[in-house]
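Asks: Sequence:
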Amino acid sequence: MPFVTIDGQALHYIDQGTGPAVLLAGSYLWDQAMWAPQIAALSQHHRVIALDLWGHGESGPLPEGTQSLDDIARQVLALLDHLDVDRVTLVGLSVGGMWGGRLALAAPQRINGLVLMDTYVGVEPEPTRQYYFSLFKQIEDTGVIAPQLLDIVVPIFFRPGVDPQLALYQDFRAKLAALPSERLRQSIVPMGRITFGRDDLLPRLGELNPETTLVMCGDQDKPRPPSETKEMAALIGCSYVLVPEAGHISNLENPQFVTEALLKFLAERN
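Numbering (the numbering used here) for the sequence shown: 197 to 466.
Hint data in this document are derived by calculation from the structure and do not stem from the laboratory.
Hints should not be assumed to be uniformly reliable.
[As the list claims (entries may be wrong)] Straight-line C-alpha distance at most 30 Å; calculated DSS-like pairs for lysine-lysine:
id: 1; residue 1: K333; residue 2: K418
id: 2; residue 1: K418; residue 2: K371
id: 3; residue 1: K371; residue 2: K333
It should be emphasised that the depicted structure is a prediction, and the values quoted were computed from it without experimental measurement.
Sequences are here, hints too, so could you generate the full structure?
Replies: Here's what the structure looks like:
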């Protein structure tokens with residue numbers, strides 16, 4: 197498995213296929229395996245890179261001194277440097293879009309295209325921020341994501357009314373339940389606070405290139421509703437796409453639709 201040491205910790209990534217580079221950046225609490233359907237399709241004609249966020253999947257703990265999404269963006273630029281990738285199309289879902297937008301603004305010369313999926317780069321609405329921080333405190337205090345917390349957290353990622361017996365749903369729940377205390381306290385909780393305590397990037401969205409940017413969102417996304425997608429697309433001046441029959445992890449709830457939309461976007465870029 198490929199790893200690179202950045203800020204003293206091992207970052208895990210996959211690097212598959214050849215052609216123009218695509219970087220897939222996923223959601224908080226999910227690892228790079230969430231992109232399996234897209235990796236299989238995109239890597240036929242592209243070099244597809246997907247990483248595990250710190251403390252997620254096979255990656256090491258959150259490096260000391262990592263305090264903001266700008267730090268994450270800088271660390272991922274170091275990954276691209278390590279891989280000799282000059283230009284990339286960045287597809288960022290949820291937190292992947294939150295730091296992905298920052299990377300695109302910090303190093304526009306490195307970006308062929310940007311897809312912001314099921315994400316929001318404005319500040320977290322204060323009641324939501326306080327609510328998530330209270331959940332983080334419970335996890336930190338107990339060192340586990342307890343069953344009653346799983347009942348709250350897991351459904352957030354899926355469309356309303358999804359069958360909780362679905363393999364995707366059950367596998368995700370089991371993964372969260374199995375997270376060790378050290379990983380939760382060292383990485384997952386601090387990464388959550390960084391994510392939901394982020395500063396406001398909306399005033400800078402006009403700096404992005406509307407011709408090479410796309411915003412996408414599951415039409416039933418609860419934590420990042422379509423209204424946020426429409427707001428960002430208007431500020432950028434770019435088009436947006438709503439993914440039918442999908443919640444927050446839209447690329448897994450409607451993988452065929454998302455894959456086709458990404459392939460179309462990539463064909464226009466390269």
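Asks: Now tell me if each hint is right for this structure.
Replies: Going through the hints against the structure:
1. K333 - K418: With a Cα-Cα distance of about 22 Å, the restraint between K333 and K418 holds, given a limit of 30 Å.
2. K418 - K371: It holds: about 21 Å lies between the C-alpha atoms, which stays within 30 Å.
3. K371 - K333: At roughly 20 Å apart (the allowed maximum being 30 Å), K333 and K371 satisfy the hint.
Violated hints: none; the structure is consistent with every hint.
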